[in-house]
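**Q** Make a model of the complete structure from these sequences and hints.
Here is how the chains run, residue by residue.
There are 2 protein chains.
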Amino acid sequence: MKEIKPINILEKFSMFEKLWTPHIIGELNGQYVKLCKLKNDFVWHSHDNEDELFMVFKGTLLMDFRDGRTVEVKEGEILIVPKGVEHRPHTNGEIVLNLLFEPKTTAHTGNVDAEVTVKELGWI
Amino acid sequence: MKEIKPINILEKFSMFEKLWTPHIIGELNGQYVKLCKLKNDFVWHSHDNEDELFMVFKGTLLMDFRDGRTVEVKEGEILIVPKGVEHRPHTNGEIVLNLLFEPKTTAHTGNVDAEVTVKELGWI
Chain A
1 MKEIKPINIL
11 EKFSMFEKLW
21 TPHIIGELNG
31 QYVKLCKLKN
41 DFVWHSHDNE
51 DELFMVFKGT
61 LLMDFRDGRT
71 VEVKEGEILI
81 VPKGVEHRPH
91 TNGEIVLNLL
101 FEPKTTAHTG
111 NVDAEVTVKE
121 LGWI
Chain B
1 MKEIKPINIL
11 EKFSMFEKLW
21 TPHIIGELNG
31 QYVKLCKLKN
41 DFVWHSHDNE
51 DELFMVFKGT
61 LLMDFRDGRT
71 VEVKEGEILI
81 VPKGVEHRPH
91 TNGEIVLNLL
101 FEPKTTAHTG
111 NVDAEVTVKE
121 LGWI
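Chains as they are written, first to last, in full-length UniProt numbering: chain A, 1 to 124; chain B, 1 to 124.
Hints are computed from structural coordinates only; laboratory data are not their basis. Even for Gly, the Cβ is constructed at its ideal location relative to N, Cα and C. Keep in mind that the hints are not guaranteed to be accurate.
[What the hints assert, rightly or not] Okay, derived cross-link-like pairs now, BS3-like style, lysine-lysine, Cα gap no bigger than 30 Å in a straight line:
| hint | chain 1 | residue 1 | chain 2 | residue 2 |
| --- | --- | --- | --- | --- |
| 1 | B | 119 | A | 58 |
| 2 | A | 104 | B | 18 |
| 3 | B | 18 | A | 37 |
| 4 | B | 18 | A | 74 |
[Claimed, not checked] With the C-beta cut set under 8 Å, the calculated list includes, among others, these residues of chain A facing chain B:
| hint | residue |
| --- | --- |
| 5 | 6 |
| 6 | 7 |
| 7 | 51 |
| 8 | 68 |
| 9 | 71 |
| 10 | 78 |
| 11 | 79 |
| 12 | 100 |
| 13 | 101 |
| 14 | 122 |
**A** Shown next, in the form of structure tokens:
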């Protein structure tokens, strides 16, 4: 069992630079808590079996949907994208600090194998 | 399907006053995202089958464990308490704003049926 101790979210964000690469900071009930730094564009994708939670700690996350909507997710806000819903996260040139909460099985580019796809996520 | 729209966490906290009563703000993968206002003492309890995540948005959450340790969880910090581990959340007289992430099956007083136990949680 991992030691029960507090995890400081902003401290963890300062431990990596690589964009669009989720880093695991916690695990519970078959789910991971992950941090990701986002900037500019990402690929359209969906997750067949996993709902996905985005929580923004800095900046504004923009989430495109296939119906043409773009949802703004600001600091202190959560967005839950249900399984099967195609989405494309991006930012307006700024680096956005984003926390993810989703099943351990979730691939960050979902059903798409893109250049940015990371196969093995690491803990920080 | 619920509409996909941002959830502002501090706005949601402003929508209720009752202490030690979790309010549901989101649902994904069989888990709930809940908000709870904490002040002073709570009961010792554990959850047989559920790990529990605490994320503090204001104040300092104090978590007692049976080994005599008290862990401080400050604003911007997460604490994950594994299933089966007895714990007692409390605060030092201040109201603490706490977000919970845990399976829908989680009873907030765990294996204990206390005066503070809420049987039916509501959405805000």
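**Q** Look at each hint and say if it fits the structure.
**A** Status of the hints after comparison with the structure:
Between the alpha carbons of residue 119 of chain B and residue 58 of chain A the distance comes to roughly 36 Å, so the proposed pair goes past 30 Å and is violated. Simply put, residue 104 of chain A and residue 18 of chain B have alpha-carbon atoms about 34 Å apart, too far for the 30 Å limit, and the pair is violated. Straight-line distance between C-alpha atoms of residue 18 of chain B and residue 37 of chain A comes to about 36 Å, which puts the hinted pair past the 30 Å bound. Restraint check for residue 18 of chain B and residue 74 of chain A: the C-alpha separation of about 27 Å stays at or below 30 Å, so the hint holds.
For residue 6 of chain A, the interface hint holds, the least distance from its beta-carbon to any beta-carbon of chain B being 4 Å, beneath 8 Å. Residue-level restraint check for residue 7 of chain A holds (minimum Cβ-Cβ distance to chain B is 4 Å; threshold 8 Å). Taking 8 Å as the C-beta contact cut-off toward chain B, the hint placing residue 51 of chain A at the interface holds, the least distance being around 4 Å. For the restraint placing residue 68 of chain A at the interface with chain B, the shortest Cβ-Cβ distance is roughly 13 Å, beyond the 8 Å limit, so the hint is violated.
A hinted interface residue such as residue 71 of chain A counts as satisfied when its beta carbon comes closer than 8 Å to some beta carbon of chain B; here the least separation is about 6 Å, so the hint holds. Hint status for residue 78 of chain A relative to chain B: holds, with the closest Cβ pair at about 4 Å, below 8 Å. A distance limit of 8 Å between C-beta atoms decides the matter here; for residue 79 of chain A the minimum to chain B is near 5 Å, and the interface restraint holds. A cut of 8 Å between beta carbons decides the hint on residue 100 of chain A: the least distance to chain B is about 11 Å, and the hint is violated.
Because the beta carbon of residue 101 of chain A sits about 6 Å from the nearest beta carbon in chain B, less than 8 Å, this interface hint is met. With a cut of 8 Å, the hint placing residue 122 of chain A at the interface with chain B is violated, because the nearest CB-to-CB distance is about 18 Å.
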